[in-house]
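Number of protein chains: 2
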Amino acid sequence: MRVLSRDIQQYTGQEITIAGWIHKKRLLGGITFINVRDRAGLVQCVVKDADEVEKLRGMQIGTVVSVSGTVTEESRAPNGAELHQPQITVNVPVTEQPAIEVDKRIDHKPENQDTLFENRPLNIRNLQEQQIFRLRSELNRYIREFAISQEFVEIQTPKLLAGATEGGAEIFKLDYFGQEATLAQSPQLYKQMLVGAFERVFEIGPAFRAEPSMTTRHLSETTMLDLEMGFIENHDDVLQMVERMVFQVLTNVYKEHADELKELRAPDLVLKPDFPRYSVAQVHEMYTEATGEDTTQEKDLIPAEERWICDYARDNQGCEAVFVTEFPVEAMKFYHMINPDNDKTVLWGDLLFRGLEIATCPQREHRYDVLVQQMKGAGIDPKHPGYKYYLEAFKNGLPAHGGCGFGIDRLVQKTIGLHSVKEATLFPRDLNRLAP
Amino acid sequence: MRVLSRDIQQYTGQEITIAGWIHKKRLLGGITFINVRDRAGLVQCVVKDADEVEKLRGMQIGTVVSVSGTVTEESRAPNGAELHQPQITVNVPVTEQPAIEVDKRIDHKPENQDTLFENRPLNIRNLQEQQIFRLRSELNRYIREFAISQEFVEIQTPKLLAGATEGGAEIFKLDYFGQEATLAQSPQLYKQMLVGAFERVFEIGPAFRAEPSMTTRHLSETTMLDLEMGFIENHDDVLQMVERMVFQVLTNVYKEHADELKELRAPDLVLKPDFPRYSVAQVHEMYTEATGEDTTQEKDLIPAEERWICDYARDNQGCEAVFVTEFPVEAMKFYHMINPDNDKTVLWGDLLFRGLEIATCPQREHRYDVLVQQMKGAGIDPKHPGYKYYLEAFKNGLPAHGGCGFGIDRLVQKTIGLHSVKEATLFPRDLNRLAP
Numbered sequence: 283m284r285v286l287s288r289d290i291q292q293y294t295g296q297e298i299t300i301a302g303w304i305h306k307k308r309l310l311g312g313i314t315f316i317n318v319r320d321r322a323g324l325v326q327c328v329v330k331d332a333d334e335v336e337k338l339r340g341m342q343i344g345t346v347v348s349v350s351g352t353v354t355e356e357s358r359a360p361n362g363a364e365l366h367q368p369q370i371t372v373n374v375p376v377t378e379q380p381a382i383e384v385d386k387r388i389d390h391k392p393e394n395q396d397t398l399f400e401n402r403p404l405n406i407r408n409l410q411e412q413q414i415f416r417l418r419s420e421l422n423r424y425i426r427e428f429a430i431s432q433e434f435v436e437i438q439t440p441k442l443l444a445g446a447t448e449g450g451a452e453i454f455k456l457d458y459f460g461q462e463a464t465l466a467q468s469p470q471l472y473k474q475m476l477v478g479a480f481e482r483v484f485e486i487g488p489a490f491r492a493e494p495s496m497t498t499r500h501l502s503e504t505t506m507l508d509l510e511m512g513f514i515e516n517h518d519d520v521l522q523m524v525e526r527m528v529f530q531v532l533t534n535v536y537k538e539h540a541d542e543l544k545e546l547r548a549p550d551l552v553l554k555p556d557f558p559r560y561s562v563a564q565v566h567e568m569y570t571e572a573t574g575e576d577t578t579q580e581k582d583l584i585p586a587e588e589r590w591i592c593d594y595a596r597d598n599q600g601c602e603a604v605f606v607t608e609f610p611v612e613a614m615k616f617y618h619m620i621n622p623d624n625d626k627t628v629l630w631g632d633l634l635f636r637g638l639e640i641a642t643c644p645q646r647e648h649r650y651d652v653l654v655q656q657m658k659g660a661g662i663d664p665k666h667p668g669y670k671y672y673l674e675a676f677k678n679g680l681p682a683h684g685g686c687g688f689g690i691d692r693l694v695q696k697t698i699g700l701h702s703v704k705e706a707t708l709f710p711r712d713l714n715r716l717a718p
Numbered sequence: 283m284r285v286l287s288r289d290i291q292q293y294t295g296q297e298i299t300i301a302g303w304i305h306k307k308r309l310l311g312g313i314t315f316i317n318v319r320d321r322a323g324l325v326q327c328v329v330k331d332a333d334e335v336e337k338l339r340g341m342q343i344g345t346v347v348s349v350s351g352t353v354t355e356e357s358r359a360p361n362g363a364e365l366h367q368p369q370i371t372v373n374v375p376v377t378e379q380p381a382i383e384v385d386k387r388i389d390h391k392p393e394n395q396d397t398l399f400e401n402r403p404l405n406i407r408n409l410q411e412q413q414i415f416r417l418r419s420e421l422n423r424y425i426r427e428f429a430i431s432q433e434f435v436e437i438q439t440p441k442l443l444a445g446a447t448e449g450g451a452e453i454f455k456l457d458y459f460g461q462e463a464t465l466a467q468s469p470q471l472y473k474q475m476l477v478g479a480f481e482r483v484f485e486i487g488p489a490f491r492a493e494p495s496m497t498t499r500h501l502s503e504t505t506m507l508d509l510e511m512g513f514i515e516n517h518d519d520v521l522q523m524v525e526r527m528v529f530q531v532l533t534n535v536y537k538e539h540a541d542e543l544k545e546l547r548a549p550d551l552v553l554k555p556d557f558p559r560y561s562v563a564q565v566h567e568m569y570t571e572a573t574g575e576d577t578t579q580e581k582d583l584i585p586a587e588e589r590w591i592c593d594y595a596r597d598n599q600g601c602e603a604v605f606v607t608e609f610p611v612e613a614m615k616f617y618h619m620i621n622p623d624n625d626k627t628v629l630w631g632d633l634l635f636r637g638l639e640i641a642t643c644p645q646r647e648h649r650y651d652v653l654v655q656q657m658k659g660a661g662i663d664p665k666h667p668g669y670k671y672y673l674e675a676f677k678n679g680l681p682a683h684g685g686c687g688f689g690i691d692r693l694v695q696k697t698i699g700l701h702s703v704k705e706a707t708l709f710p711r712d713l714n715r716l717a718p
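Respectively, the protein sequence lines represent chains X and E.
Under the numbering used here, residues 283 to 718 are what the first sequence spells out, in order.
Under the numbering used here, residues 283 to 718 are what the second sequence spells out, in order.
Hints are computed from structural coordinates only; laboratory data are not their basis.
All the pointers check out, no bait thrown in.
Any copy will do: because identical chains look the same in the list, a pair fits if it lies in one copy or spans two.
DSS-like, lysine-lysine: derived pairs with alpha carbons at most 30 angstroms apart: (1) K670 x K307; (2) K391 x K670; (3) K386 x K544; (4) K554 x K544; (5) K670 x K455.
Whenever a hint applies, use it, and build me the whole structure from the sequences.
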């Protein structure tokens with residue numbers, strides 16, 4: 283029976299069998315040390331027997347082996363023990379030297395990115411690199427646990443659509459049995475329709491954007507969390523729900539995975555349950571005054587302001603997540619609700635974390651007549667077949683609602699402190715990359 | 283503060299406020315009864331006051347209301363109580379009569395399907411219809427809980443690919459910044475590559491198949507669970523993992539949601555922890571003998587056999603889930619492993635449940651040289667850029683592995699006992715349907 287690396291110390295003095303990949307080989311004073319990697323970590327094997335040493339000669343890193351040996355405590359070895367007198371069986375031979383080393387820390391510099399993704403099947407065997415995606419898996423789990431605890435129903439909405447229904451961003455088109463289809467930029471219209479049944483819905487799934495830009499924050503295929511909730515009293519209900527989720531998710535990951543985050547050199551978490559809130563105009567003013575660069579004429583925040591306001595809030599408010607609210611109407615989409623107290627702004631809050639927008643959290647316009655008017659104002663034909671079913675939902679009664687589109691890739695990036703959103707993605711897609 | 287329908291009885295004798303949609307109106311002996319629907323169920327309100335009755339006159343089904351009234355126990359009402367002397371406030375008016383009724387059981391006949399999907403934003407407000415998708419959300423949750431308990435890491439793999447990498451089935455193509463891309467038919471190649479790092483991975487996500495067929499079992503966009511596990515001893519390890527998952531998931535849903543399944547008229551569950559296993563040849567023989575229809579020359583099971591063997595196993599073995607194994611090599615894909623004990627068959631087991639294949643669970647060929655040979659045999663060029671990274675993972679050592687591609691839509695369909703896989707899908711996609 284196979285013993286996993288993390289459990290070997292329990293078998294001290296006994297002969298056990300482990301299985302995994304040869305991760306590292308070292309010759310030290312006539313003794314060969316090999317590290318065998320399995321899904322739980324590493325086992326150090328001390329090879330002295332001449333026949334076994336000879337066997338190792340042709341084995342390249344990556345060779346899949348079973349090793350039987352006697353467990354001996356050794357505090358300097360991974361998992362506090364090592365295997366002595368190992369008998370090595372090759373399960374899958376590897377005869378060529380790997381293109382890259384997998385036992386060294388990967389240097390996430392921008393100029394190394396192409397190498398990183400060109401060698402993804404190999405570098406993902408690196409333990410630090412794996413940890414990024416194990417944490418990503420955990421972040422997904424925490425988010426779903428929160429959503430389900432708040433009675434959000436998980437939905438799975440189609441990614442193949444009849445039309446480009448959100449306007450604005452670039453879209454991918456394809457032939458669908460003779461008619462034109464587009465790839466969903468988000469589940470926006472579907473989640474709103476479904477508020478009419480479930481009140482609260484969520485989905486984690488892919489979203490497609492034909493963005494011709496090459497930045498550290500954009501992908502042409504992203505993983506989005508979409509949340510939508512009905513029967514809100516006001517926009518604040520939406521912001522509070524997102525705030526509670528993010529606080530719980532981040533607090534959990536920093537508590538339950540402190541060691542891994544430290545190993546990945548993630549920054550310490552500076553967070554409080556109530557995130558500071560600033561209007562777009564306030565941020566422009568504060569930033570302009572602090573830096574001398576005048577941004578007061580911008581409709582959205584510029585990236586430098588996103589970084590500045592998060593640093594400011596961290597240093598002065600003890601919280602590196604902030605909401606930026608009261609976006610100007612010039613930036614609105616047709617389905618946003620205009621602020622009833624100030625028709626120059628929209629009920630829309632962006633969540634910024636560590637200098638990056640990770641979620642956009644608006645209240646929606648739920649009144650059928652106003653929505654139709656806003657569509658016309660945005661140059662959209664409400665009679666277009668792409669909106670027929672959407673508008674049916676409003677005509678038949680949708681309560682006040684709002685929600686968020688939340689970038690999972692960005693959350694992972696910023697939680698760990700990675701340079702680019704691509705590094706938080708197993709197989710990123712951008713202007714120049716469609717493989718692996 | 284809003285009280286949810288399921289909690290009203292706790293407030294007997296007190297005045298509370300509920301909020302929801304007008305779901306049903308009845309006039310009975312001069313009294314108007316309205317049912318208000320919220321995410322948790324229904325509240326009956328007894329309207330006697332002439333002014334309030336008058337107010338109701340123009341309110342169509344779907345109107346979003348808040349109702350304040352005194353809670354009075356009433357065993358015949360939903361949730362054991364009703365609201366007396368209700369004061370109704372309209373939050374969102376609905377002035378037109380809805381196209382369909384939402385308070386009647388939906389008759390899931392094949393001929394009603396077009397009406398069903400054309401009116402999806404409305405009929406999803408029906409309580410039985412909602413229940414299908416609440417159970418779907420729960421099934422997803424149980425699956426993930428099982429996978430995580432078994433140390434599978436959740437992965438999110440790209441749906442935009444550089445080439446058609448699995449061959450066989452029809453694929454959707456699109457323009458990706460000037461080069462041709464395809465939509466992923468499954469995460470097959472990615473999950474195999476990632477076994478090289480995580481050993482065990484899973485994903486629940488969309489898969490795209492340009493199937494020009496119109497059947498009760500096909501969709502052009504489906505939701506798939508993909509599981510893959512390395513360091514298996516043999517094919518049986520894969521079948522056992524899937525068996526344990528399905529047993530646990532179905533047992534959970536039947537235990538925790540007995541009332542809802544009864545309400546949906548789902549069949550009783552007939553299941554045991556060890557699913558009966560039959561080879562394809564055995565099923566052909568048994569079916570041919572039982573029915574007189576000769577299927578012994580078929581390479582795959584015909585749909586009638588899938589139904590027959592599940593009925594047979596239910597009636598004779600006390601289990602309506604079965605594995606069908608030992609598929610003939612003629613049916614294999616290039617990445618399957620040929621049975622080392624019988625080179626006419628493949629290490630491949632299909633999981634059938636209640637007459638339908640819901641998962642395919644093969645062992646993969648993990649030996650680089652054999653895989654390359656099998657690719658060539660299947661007419662695939664191993665040098666095609668779509669396979670470059672995939673083959674890198676094998677060259678650098680992949681352990682023996684296998685997994686499943688598992689249809690979530692089909693699982694939901696068969697768990698509830700729906701006629702078609704489309705009825706288990708919120709917004710199905712087929713040859714003729716791309717909206718809503």
